[in-house]
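J.: Using the sequences provided together with the hints, build the complete structure.
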Amino acid sequence: MLVIAVDTATPAVTAGVVNVEEMLVLAECVTVDAKAHGELLTPHILTALKEADRTFADIAAIVCGIGPGPFTGLRAGMATAAALGQALGKPVYPVCTLDAIAAENVADSPLLVASDARRKEIYWATYDATGRRVTNPAVDKPADVVERIPSLSVERVAGNGATLYDLGLPHTGQEYPNPLGIAMVARDDVLAGAKPRPFVPLYLRRPDATEPGARKRVTTR
Amino acid sequence: MTIVLGIESSCDETGIGIVRIESDGALTLLADEVASSVDQHARFGGVVPEVASRAHLEALVPSVTRAFEAAALELSDVDAIAVTCGPGLAGALLVGVSAAKAYAAALNVPLYGANHLPGHVAADTLEHGPLPSPCLALLVSGGHTQLLRVDDLATKITEVGSTIDDAAGEAYDKVARILGLPYPGGPPIDKAARRGNPDAIRFPRGLTGPRDAKYDFSFSGLKTAVARWVEAREGQEIPVDDVAASFQEAVADVLTAKAVRAATELGIDTMVVSGGVAANSRLSTLAAARCAEAGITLRVPRPRLCTDNGAMIAALGAHLVKAQVRPSSLDLSANPGLPVGTVTV
Ligand SMILES: [Zn+2]
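Note that the protein sequences, when read in sequence, are chains A and B.
Start counting the first sequence at 0; every next residue gets the next number (numbering that gives the first Met the number 0).
Start counting the second sequence at 0; every next residue gets the next number (numbering that gives the first Met the number 0).
There could be a bad hint or two in this list.
Only some residues are given here: those of chain B computed to face chain A with a beta carbon under 10 Å [unchecked claim]:
#: 1; residue: Leu72
#: 2; residue: Ser75
#: 3; residue: Ala98
Ranges of calculated distance between the beta carbons of each label pair, as one might list FRET restraints [claimed, not checked]:
#: 4; chain 1: B; residue 1: Thr154; chain 2: A; residue 2: Thr134; range: 53 to 63 Å
#: 5; chain 1: A; residue 1: Thr209; chain 2: B; residue 2: Ala199; range: 31 to 41 Å
#: 6; chain 1: B; residue 1: Pro61; chain 2: A; residue 2: Gly172; range: 37 to 47 Å
#: 7; chain 1: B; residue 1: Lys213; chain 2: A; residue 2: Leu203; range: 45 to 55 Å
#: 8; chain 1: A; residue 1: Ala33; chain 2: B; residue 2: Thr154; range: 29 to 39 Å
#: 9; chain 1: A; residue 1: Glu154; chain 2: B; residue 2: Asp78; range: 18 to 28 Å
#: 10; chain 1: A; residue 1: Asp143; chain 2: B; residue 2: Asp78; range: 21 to 31 Å
#: 11; chain 1: A; residue 1: Ala142; chain 2: B; residue 2: Asp211; range: 54 to 64 Å
#: 12; chain 1: B; residue 1: Val37; chain 2: A; residue 2: Ala191; range: 57 to 67 Å
#: 13; chain 1: B; residue 1: Glu292; chain 2: A; residue 2: Val199; range: 33 to 43 Å
#: 14; chain 1: A; residue 1: Ala208; chain 2: B; residue 2: Asp23; range: 46 to 56 Å
#: 15; chain 1: A; residue 1: Leu203; chain 2: B; residue 2: Arg65; range: 24 to 34 Å
#: 16; chain 1: B; residue 1: Glu158; chain 2: A; residue 2: Ala33; range: 28 to 38 Å
#: 17; chain 1: B; residue 1: Thr27; chain 2: A; residue 2: Gly192; range: 52 to 62 Å
Where chain B lies over chain A, by a calculated footprint (3+ residues, C-beta under 8 Å) [unchecked claim]:
#: 18; region: 27-33
#: 19; region: 120-133
#: 20; region: 198-208
The hints are simulated quantities; they were obtained by calculation from the structure and are not laboratory data.
Computed from a prediction, not measured in an experiment: that's the story for all the values here.
Using N, Cα and C, we set each Cβ at its ideal position, and we do this for glycine too.
T.: Right, here's the structure in full:
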């Protein structure tokens with residue numbers, strides 16, 4: 000069973016074709032360019048399909064990162080995945096982007112995944128030694144997360160948020176989600192043909208918008 | 000017969016249109032679904048880009064589903080796709096462009112990254128048939144105020160004039176706020192104006208001096224003049240209907256005077272008025288009177304086709320298909336500042 004796995008919640012524009020029975024990546028195409036999500040994602044999907052020597056007809060499902068991630072790029076991936084699924088008549092499975100990074104970093108110790116949220120904040124979540132998520136995705140200042148690390152009892156970090164800010168823990172080396180990790184998170188649902196959960200972004204922040212106060216006068220009193 | 004899907008997401012309307020090119024080349028509108036986020040912007044007094052972008056992502060796929068249900072077609076029936084790739088709000092455009100690229104790739108059909116502005120002109124061909132060449136288009140909405148010379152909808156569009164500051168619709172929103180009327184300002188001002196006296200106050204007509212750019216527009220001074228007039232009467236009861244009528248008269252006067260002058264001087268005998276403000280009662284009445292006087296044929300699409308929608312982009316796409324214009328590449332990206340002369344990228 001093949002899935003197209005995509006994610007645009009980080010500066011990486013990520014697409015791949017993954018066999019979810021064997022958890023085997025047939026092909027992937029990734030570019031790190033935070034400004035090119037809209038431009039590159041569909042070409043990346045086509046490149047990965049071509050390299051995998053497959054067509055859309057071979058695809059059983061789409062799996063897509065739903066963030067958290069800086070908004071504009073995130074929507075490029077989600078709009079692409081949603082439209083692909085609709086046009087192909089295939090299910091679209093949402094995957095938390097931080098979970099996708101964690102899935103590839105399961106080791107014997109608990110993990111913190113942190114990605115850049117811009118505005119001097121990070122998106123983060125924690126995972127136990129089996130890779131199970133312990134705290135839900137949140138957005139905070141790095142210093143506030145560092146302060147909580149002793150009580151979170153995590154021992155390692157992954158994600159570009161931990162590259163950008165020193166969180167005082169050893170880094171696993173992985174900065175962005177890969178097609179393998181994205182597919183791993185959705186694997187059981189895809190294989191079971193489960194009904195996908197609602198495909199909605201994890202924004203974690205409200206839109207920047209302020210209600211106008213009193214209108215400014217143009218004449219002086 | 001060719002089926003063209005049109006996708007529009009440049010501002011606060013998610014529009015999905017489906018147009019069929021008949022064997023004789025005529026265009027038939029099969030579906031026109033619009034999901035608007037205007038209510039979510041009302042309390043902010045203007046379109047909030049992030050709010051609009053979120054709404055587009057939410058509305059896009061369901062709107063496509065509804066459009067194909069309305070047309071009794073399947074996505075697999077689509078032969079070509081057109082999507083607004085500019086001008087507009089960057090984050091909003093990105094949603095439509097990303098989805099359109101995925102549809103085009105999955106269905107293996109050509110994709111046209113299309114310009115929103117000629118789309119407004121193309122909307123009229125859905126209602127009134129082919130346009131003569133050349134014609135003059137006056138586009139008036141919350142986002143644009145432009146005079147375009149249209150020699151060929153698919154290939155040759157030239158800007159004759161545009162606003163140098165606020166769009167006409169923006170002036171309506173700002174004046175509505177001054178008068179304590181709700182957002183968006185067009186409908187409540189139009190309603191109040193019908194009760195008021197348009198000659199009560201003589202508000203300035205922007206850029207109408209002898210040395211001013213004769214085909215350009217300016218509405219910032221008008222808005223300030225209304226604010227001054229109202230502020231000077233602080234503590235008194237403001238004759239809202241008269242202010243609205245006088246403001247609306249100034250807008251309609253300057254728009255129609257300049258458009259008719261441009262058509263006359265450029266030797267163009269057909270004018271299309273489109274965009275959200277085209278539905279304004281005074282603008283349409285005055286445009287009809289002045290065009291008739293100058294011997295110009297006036298074409299105004301029905302209000303539903305004047306505002307932002309996917310039908311107009313599907314119509315423009317149909318013209319691009321008919322003209323055998325080269326489709327866009329799938330590395331197409333949104334261009335918020337796309338120049339008006341670039342019909343497709
Ligand atoms: Zn428009």
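J.: Within 37 to 47 Å or not, the Cβ separation of Pro61 of chain B and Gly172 of chain A?
T.: 41 Å, holds
J.: May I ask you to test the hint 46 to 56 Å on the CB atoms belonging to Ala208 of chain A and Asp23 of chain B?
T.: 49 Å, holds
J.: Is it true that the C-beta distance of Val37 of chain B to Ala191 of chain A lies inside 57 to 67 Å, as the hint says?
T.: 41 Å, violated
J.: For Asp143 of chain A and Asp78 of chain B, compare the CB-CB distance with the range 21 to 31 Å and indicate the outcome.
T.: Violated, at about 54 Å.
J.: Let me know if the C-beta of Ala98 of chain B comes in closer than 10 Å to any C-beta of chain A, holds or violated.
T.: 4 Å, holds
J.: Between Glu158 of chain B and Ala33 of chain A, does the C-beta distance stay in 28 to 38 Å?
T.: Because 33 Å falls inside the window, the suggested range holds.
J.: Mind checking the hinted window 29 to 39 Å against the Cβ distance between Ala33 of chain A and Thr154 of chain B?
T.: This hint holds: roughly 35 Å between Cβ atoms.
J.: Look at the Cβ atoms of Glu292 of chain B and Val199 of chain A and judge whether their distance stays inside 33 to 43 Å.
T.: 55 Å, violated
J.: Hint check: is the beta carbon of Ser75 of chain B less than 10 Å from a beta carbon of chain A?
T.: 8 Å, holds
J.: Measuring from beta carbon to beta carbon, are Thr209 of chain A and Ala199 of chain B in 31 to 41 Å?
T.: 35 Å, holds
J.: Between the beta carbons of Thr27 of chain B and Gly192 of chain A, is the distance compatible with 52 to 62 Å?
T.: 39 Å, violated
J.: At least three residues with a C-beta closer than 8 Å to a C-beta of chain B: is that true for the region 198-208 of chain A?
T.: holds (count 6)
Of the hints listed earlier, those the structure fails to meet are numbers 1, 9, 10, 12, 13, 17, 18 and 19, in rising order.
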